[in-house]
Structure formats: structure tokens, C-alpha cells
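Could you build the full structure based on these sequences and the hints that come with them?
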Amino acid sequence: MRLLIVEDDAPLASGLRRILEAEGHAVDVTSRGEQAVLAASQERFDLVILDIGLPQIDGFEVLRRLRAQPRQASGPLPVLVLTARDAVDDRVRGLDLGADDYMVKPFAMPELTARVRALLRRSQAHGGPRIVHGPLTLDTVARRAFLRSEPLELAAREWAVLEVLLGRVEKIVSKESIIQAVAGWGDELSPNAIEVYVSRLRSKLEPAGIKIRTVRGFGYMLEEYKEES
Amino acid sequence: MPARSLRAHLLRLLLPPIAALLVLGALVAYYPSIEPATRAYDQALVDVGISLGSYLRAGSDGYRVELPVAVDQVLRRDAYDKVYYRVLGPDGEQIAGDRGLPEPDAPPESSTSYNTVYEGQKVRAVAIPAKCGLSLCRVVVAETMVKRNRLARDILVSTLLPEMLIAFATLVIVWFGVKRGLGPLARLSDEIKARSPGDLRSIDAAGTPEETRPLVSALNDLLGQLSQASSHQQRFLADAAHQLRTPLAGLRAHTELALAKPLPEPARSELEQVHAATIRTARLANQLLALARAEPGARGDAAPVDLKGLVEAEADAWVHQALARDVDLGFDLAPAPVHGDPFLLREALANLVHNGIEYTPRGGRVTVRTGESGGQPFVEVEDDGPGIPPAERERVLERFYRVPGTPGTGSGLGLAIVREIAAGHGASMVIGEGAGEKGCRVAITFPRG
Chain F
26 MRLLIVEDDA PLASGLRRIL EAEGHAVDVT SRGEQAVLAA SQERFDLVIL
76 DIGLPQIDGF EVLRRLRAQP RQASGPLPVL VLTARDAVDD RVRGLDLGAD
126 DYMVKPFAMP ELTARVRALL RRSQAHGGPR IVHGPLTLDT VARRAFLRSE
176 PLELAAREWA VLEVLLGRVE KIVSKESIIQ AVAGWGDELS PNAIEVYVSR
226 LRSKLEPAGI KIRTVRGFGY MLEEYKEES
Chain Y
52 MPARSLRAHL LRLLLPPIAA LLVLGALVAY YPSIEPATRA YDQALVDVGI
102 SLGSYLRAGS DGYRVELPVA VDQVLRRDAY DKVYYRVLGP DGEQIAGDRG
152 LPEPDAPPES STSYNTVYEG QKVRAVAIPA KCGLSLCRVV VAETMVKRNR
202 LARDILVSTL LPEMLIAFAT LVIVWFGVKR GLGPLARLSD EIKARSPGDL
252 RSIDAAGTPE ETRPLVSALN DLLGQLSQAS SHQQRFLADA AHQLRTPLAG
302 LRAHTELALA KPLPEPARSE LEQVHAATIR TARLANQLLA LARAEPGARG
352 DAAPVDLKGL VEAEADAWVH QALARDVDLG FDLAPAPVHG DPFLLREALA
402 NLVHNGIEYT PRGGRVTVRT GESGGQPFVE VEDDGPGIPP AERERVLERF
452 YRVPGTPGTG SGLGLAIVRE IAAGHGASMV IGEGAGEKGC RVAITFPRG
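Chains as they are written, first to last, in this note's numbering: chain F, 26 to 254; chain Y, 52 to 500.
It is worth saying that the hints were derived from the structure and are not from the lab.
In this text, a Cβ means the ideal position worked out from N, Cα and C, and glycines have one as well.
Watch out, some of these pointers could steer you wrong.
[Unchecked claim] What follows is a set of in silico ranges between Cβ atoms, one per label pair, in the way DEER data are often shown:
1) Y/A311 x F/E201: 47 to 53 Å
2) Y/Y452 x F/E201: 36 to 42 Å
3) F/R43 x Y/S320: 21 to 27 Å
4) Y/S479 x F/R173: 52 to 58 Å
5) Y/G414 x F/R43: 34 to 40 Å
6) Y/G414 x F/E248: 16 to 22 Å
7) F/E248 x Y/P388: 30 to 36 Å
8) F/R173 x Y/A442: 54 to 60 Å
9) Y/G275 x F/A185: 53 to 59 Å
10) F/T165 x Y/S479: 48 to 54 Å
11) Y/D357 x F/Q67: 41 to 47 Å
12) F/T165 x Y/Y452: 52 to 58 Å
13) F/Q60 x Y/S320: 39 to 45 Å
[Unchecked claim] Calculated pairs, PhoX-like style, for lysine-lysine (alpha carbon to alpha carbon, straight line, at most 20 Å):
14) F/K200 x Y/K359
15) Y/K133 x Y/K198
16) F/K196 x Y/K359
17) F/K251 x F/K196
18) Y/K198 x Y/K173
Now the structure itself:
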């Protein structure tokens, strides 16, 4: 994947570049907002990591100009905003302007790489009909699931719950938001029903090493797939 | 200096002059009315003397008074007072009547009235000259003071009573008048009291009386300066956060990059120390900034905040922290609407959750609850770690204090920050035991919405 880092602090920018290159991405770095806007208009990037505290035009303005550009054919360009400020307003403003995710400095590198992966996966899911998670593959067009290339039987509601979890790997998802995403108009779905679907999904997926963690009193988290050693 | 009540002060100032005016008024009313009454009573005595004089006869053996008993009785008769008389000859010799009734200092040319004492009583007397043959004899008539004193008392009462009523009415008018007069000041103070600490808008001078305008404009000047100072501080804090966090992010990135590579042993553990110190420094910077922001005057505007939503927004980050330490972080969330600064409330919750995760052994449980109890919104964090001994519960709220023997590398600022933020929101903070008298439970209860 091709990533653009917009960060004026040279040590942080070089650290980010090396970490993301180690993940196998092609990384460009700029310290100036104008250059970032220009680069994004001329070349194709899969993700932008954008610092808010830039000299001259700040990150908010860069974000606004990026969003004003014509959309790429493969869908909107994901933007991960970095900020050193903690005002809630900044977060709201960033997300309002169309940032896809938000991280407050300083952050742990594994968290950054996990979020980058999640954003890339999400943007690809927009484009392609297939969702891949370790040995699991969901063909969203044919509505067929495969586990280690074997067809996997999933009820409609199980499929819907799994799709929600797959869209937010390594993020906790509340039962309420699963209900909202899964239940159609006029459907009554209780939190207990969600528990039932999740436990059925677990019995089907856990043998293949795919783990759904319960967050007590909150919801679930689909863990990132780790190759069993 | 004790607070001085303007009302009491005014009353203290007004009481002595009012009392003096009362006395003066009584005197001014008393003397003009007692004078004619005294003259009228004296005249009655003079009349008795003249009547007595008409009974004076000059004979060959001297003067005598031929007073029939009936007349004597009539002359001496009086409803209240005893009447005395005495008739003296031209040379002062006793002719008739009460011997020893004192005469005036000088023989009277005409009728003279005077006060004297007879038989141990105060008496009012008149002395009048009376013809006896070719000479002038003297007649003295006196009476005790009962009816005169009674008259004086009546006059005094009838003038003092209305005066006292007027004085009392004046005091009542002052008491309530001061309250009414100070009404605009009371409204001003209510308006200022109703403000949140961060509300530094100018006070509207319209509708305040002219006399309070200088006060209002002085307050507005002060508020203006404060609000400028506060926005300077906010800007400074935001800049400081940026200046600290960006290099820390770089430092953390590079140490994590280095640690991802194979390293010889002493270098690895040293680098791990650097990494831990970087994380601690970042946290300390956050806490110091939170503490600075929690200072009154630096606070942002209060807004309606649901603690449940606040926890939900942070839950993801906290769960990952907990997983990294193999702690089961759970939730029990019901709506808990409060009014406050979202940044500070988030920081307070983050500190409580961080403490729970930090001080609970691997495999432990930490639970975050929000909700309303008896109409009061609350948030609490409970863990099943070692807990805080009762004797230490007060001290852990002090800045930089850490319970002796505590593992980990906390700064000792967390609970001090939480307490500061709770106090700033009018909330109370209680440290107790967790369920089954195990672990630690910190609850923050907010005032009723």
C-alpha cells in the first residue's frame, strides 16, 4: 500500500516511516500541508497520516482541501489524524471534516499499525466484494463464507453480526451498535439474542484460531488474526 | 475582619441622633405646656391667699384673723393636695395658721410663688401682701405637689408617646429601606454567584442603578483581564501539550522500532527502561496539563455531558491497555447526565481506570460503572487488587504521594487530579473497598442535575 505521512517533526516522521515500511508499505513523507494537498491530487495514495499541528496551513485546512478534491475511483482516501492537542473540540472537528480515525500523541506503535491496517482493510472492503480475515473469507456479493477454503454455513443474522465485527477488527463494538447495524426496521432484537449469535460464531470460528473477545458489560472485539506458531 | 452589615452599621449610626432628637422633642413639647398649667395652679393659691387676707382684722391688742371654721375647711379643701396657710404681721410675727411654713427670702411686694419644704414634703407656696389697717401683713399659702406632679407626668407621657412611635417607625423604615435600597446590589451578587467559574463575560450594566455603575465597570474590567489571562493560559497549555507530546511521540516511535530488532542483552533491557520512561513522561505531562487545566479560571465552558457516553468513547483504548496487562476490564453503564468540562471529566475517568488496571494483578478484574443513584449521577471504578488501607485513603489524595511499597511507576498525581476535578464539578469522591471487602472502589457522585 502507498501511504503519505504529513508531519513536521522530523524524528517522529522518520520513526513513522520506518515502522510503516517495516509493515511492507511504500511511504512518502512531507512536512508541509500544501505539498500534501498537491501530492494527493497528482498521485494515488491508499492512506494519509495527517498531523494537525502543521506550520502555515494546519491539518484541519489540509483535511478540508483533501476532502474538496474529486474522489478517487477506488473510493474516498482514508485519513488518520494525529494530534498533540486534547481538546474534545479538535476531535469532533477532525471527524466532522471527514477524518476516518484519530490518535492523540504519543501513541504506541502497535496501536498505530493496527489502526492503519483497519483503515486500509475498510477502504478495500468498500472497493472489493471480498473480506479476508486470516483463514476466513467472506464473499459479500455471493454471500458465501469460506474457512480454510471450506464453505462455512452462516445464518443470515450470524453473517450480519460477523460483518459488523470484521469491519472493526481490534476495536470494541458495543452490543447496542451491533443491534443497530443488524436489526432491520421494525425488528426487535435483544442483547441476549446477540449473545446467542456470537456464541454460535465462536463455535464455528474458534477452531480456526479466530477469537471474539467479550468485553464485560459492553460488547465484543474481534481480535486480530495471529498465525498459530 | 468580620463582615460588616451595612444595615446594622446604618442603624448604629442612626440610633444616637434619633434618641437625642427624641429627648429634645420631648423637652421642647414639655416646657411650653407645663408653664401655663403651673401658672394656673399658682393663681388658685393666690386666690386662697386673697380670701384669707380679707378676714384679717386690726384690733387694739394687735391683728387677728377671724376665720369661721367652715371657711377654713373650704379653703383647705382639695381633692389631691394638703393646703397650708400662715398669716404674719407687718414685723413677721405669727398671727394665724400653720406656724413654721417658710416665707420667701424677701418680703413680697406683690404675690410671689416659690418652691420650699414643709413638714418634710416638697410644697409649692405663694406669698402675698395683705392690708391690715395702715400696715401690710403677709399671707403665705402652700400646697403639696401631688396634682402638679401628676400633671407633669401626664404632659410628659402625652408628648413622649407619639415621639417614640415616630422614632420606632423611623427605625423600621431604615431597616426595610436599606434592604430595598440594596436590592440592585443583591441582584448583582446573585448574577455573579449563578455563574460558572469559567464564565468571564461582562456583567450587563443596563438595569443597574447609577450608584452601582462604578462597581459594575470595575468588575467588568477585572473580568476582562481574567478572561484574557485565562485564554492566554489555555493557549499556553495547548502549545505546551504540542511541544511535549510531539517529541515524545518521536522518542517512543524510535525506541519501539529499536526494540523490534534483535539486540544484545544489556542494550535491550536499557532500551526497555528508556521506553518505559518515555511512556511515563508522556503520562506525567498529560497529568500536569490536566492539573493546570483543572485550576479554577483555566476551566473551559461547562457543557452537558453523559458519563456513559464519555466512558463508551474511551472504552476501546482502555480495553487495549487492560489486555496488555492481562486485566479483565468490564463495564456496567447506565445514563449519567452531568454538567461539566468533558476534557477534565475524561481525564478524571482515565486516571481512575488507569489506576485500576495498573494496581490489579494479572488476571484481575476492573469494572467501570455509571448511572444515577437517588437522582445523583455517579461514576465508579472497582478493582479486586490489593486496595488502599483506610489509613492511607486521605493521603493518596495528596499530590505526588504514593502508598509505600506500591509496585509500578506511578507519579502519585492520579487521585489528586481526580479529586481536584471532582471538586471543580461540585462532586464528592469516596475511596472504599470493592465488593466482598476486597480491592478498591473509587466513586465520584455528582450533584443532582
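Hints, verified against the model:
1. A hinted range of 47 to 53 Å for the beta carbons of Y/A311 and F/E201 is inconsistent with their spacing of about 37 Å.
2. The hinted range of 36 to 42 Å is satisfied by Y/Y452 and F/E201, whose Cβ atoms lie roughly 40 Å apart.
3. About 22 Å separates the C-beta atoms of F/R43 and Y/S320, a value consistent with the hinted range of 21 to 27 Å.
4. In this structure the hint that Y/S479 and F/R173 lie 52 to 58 Å apart at CB holds, the actual value being about 57 Å.
5. Look at Y/G414 against F/R43: about 35 Å separates their beta carbons, and that is inside 34 to 40 Å.
6. Between Y/G414 and F/E248, the C-beta spacing of about 18 Å keeps the proposed range 16 to 22 Å intact.
7. The hint said 30 to 36 Å for the Cβ distance between F/E248 and Y/P388, and at roughly 34 Å that hint holds.
8. A hinted range of 54 to 60 Å for the beta carbons of F/R173 and Y/A442 is consistent with their spacing of about 59 Å.
9. Evaluation of the 53 to 59 Å hint for Y/G275 and F/A185 yields a pass: the beta carbon distance comes to about 58 Å.
10. One distance hint, 48 to 54 Å for the beta-carbon pair F/T165 and Y/S479, holds here, with the actual separation near 52 Å.
11. At roughly 45 Å, the beta carbons of Y/D357 and F/Q67 sit within the given window of 41 to 47 Å.
12. For F/T165 and Y/Y452, the Cβ-Cβ distance of about 56 Å falls inside the hinted range of 52 to 58 Å, so the restraint holds.
13. Remark: the range hint 39 to 45 Å for F/Q60 to Y/S320 is upheld by a beta-carbon distance near 41 Å.
14. A C-alpha spacing of about 14 Å is found between F/K200 and Y/K359, which places the hinted pair at or below 20 Å, so the restraint holds.
15. A C-alpha spacing of about 10 Å is found between Y/K133 and Y/K198, which places the hinted pair at or below 20 Å, so the restraint holds.
16. Note on F/K196 and Y/K359: the hinted pairing holds, with a Cα-Cα distance of about 18 Å set against a maximum of 20 Å.
17. Annotation: proposed proximity of F/K251 to F/K196 holds, straight-line Cα distance about 16 Å (limit 20 Å).
18. The suggested pairing of Y/K198 with Y/K173 holds, with an alpha-carbon distance near 12 Å, which does not exceed 20 Å.
Checked against the numbered hints given earlier, this structure breaks only hint 1.
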